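The task is simple: from the sequences and hints, build the whole structure.
Anchor point for the sequence shown: position 2 equals 13 in the working numbering, and the numbering is continuous, going up by one each time.
I should point out that these hints are in silico values taken from the structure, not numbers from a laboratory. Note that the structure is predicted; figures quoted are calculated from it, not measured. Treat the hints with care, as some may be off.
Simulated pairs of lysine-lysine, DSS-like, Cα-Cα distance not exceeding 27 Å [to be verified]: (1) K124 <-> K96; (2) K75 <-> K124; (3) K124 <-> K147; (4) K75 <-> K96.
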Amino acid sequence: MTTWFTSDTHFSHANIIEFCGRPFANVEEMDREMVARWNARVQPGDTVYHLGDFAFGPFENIGKFRGLLNGEIVLVRGNHDRSEKRMREAGFASVTSASVVWIQGSALFLSHKPAVDLPTETIDFHFHGHVHERYKRRGNQINVGVDVRGFAPATLEELLATPE
12 MTTWFTSDTH
22 FSHANIIEFC
32 GRPFANVEEM
42 DREMVARWNA
52 RVQPGDTVYH
62 LGDFAFGPFE
72 NIGKFRGLLN
82 GEIVLVRGNH
92 DRSEKRMREA
102 GFASVTSASV
112 VWIQGSALFL
122 SHKPAVDLPT
132 ETIDFHFHGH
142 VHERYKRRGN
152 QINVGVDVRG
162 FAPATLEELL
172 ATPE
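What follows is the structure, encoded as structure tokens:
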């Protein structure tokens, strides 16, 4: 079992292609390619921490895309995600607004937006999304968003190897 991290998939959000300069001709291509890249990496028994902004459009889109993706998905809600209750109904393993998890001896603060003034004596790294293609890493803050991660989830080792 592998643990993965990602954010800002924005499934069904056509305008995100232009906003972020995504290399897709249209939303159908983007959605199809991101599902394929996700499933090429993530196996059914894996855990994926999705740090927000999962999908756009009608509520049915959320469940549809959740059903297409391998792994158990823990959602840290982003500014475009629905209520915790609705996201659980769509099939996420759990839903939160922020979380601290210990993985392979590292304390990780997980949130959608970059945080300021984290207690560095108790948090090793801050994983987040929201900033799309703006940067990959700033000190111990690491952007896990698809726009800087090949449009697929990344492992802890891959993220920690990100140069500043």
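Pair hint K124 and K147, alpha-carbon separation not exceeding 27 Å: holds, 13 Å
Does K124 sit within 27 Å of K75, going by the straight-line distance between their CA atoms? holds, 25 Å
Just to be careful, I want the Cα atoms of K124 and K96 compared with a cutoff of 27 Å; is the pair within it? Holds, because 21 Å separates the two Cα atoms, which is no more than 27 Å.
Given the hint that K75 pairs with K96, does the C-alpha gap stay at or below 27 Å? Holds: K75 and K96 sit about 17 Å apart, inside 27 Å.
The structure fails none of the hints (numbered hints given earlier).
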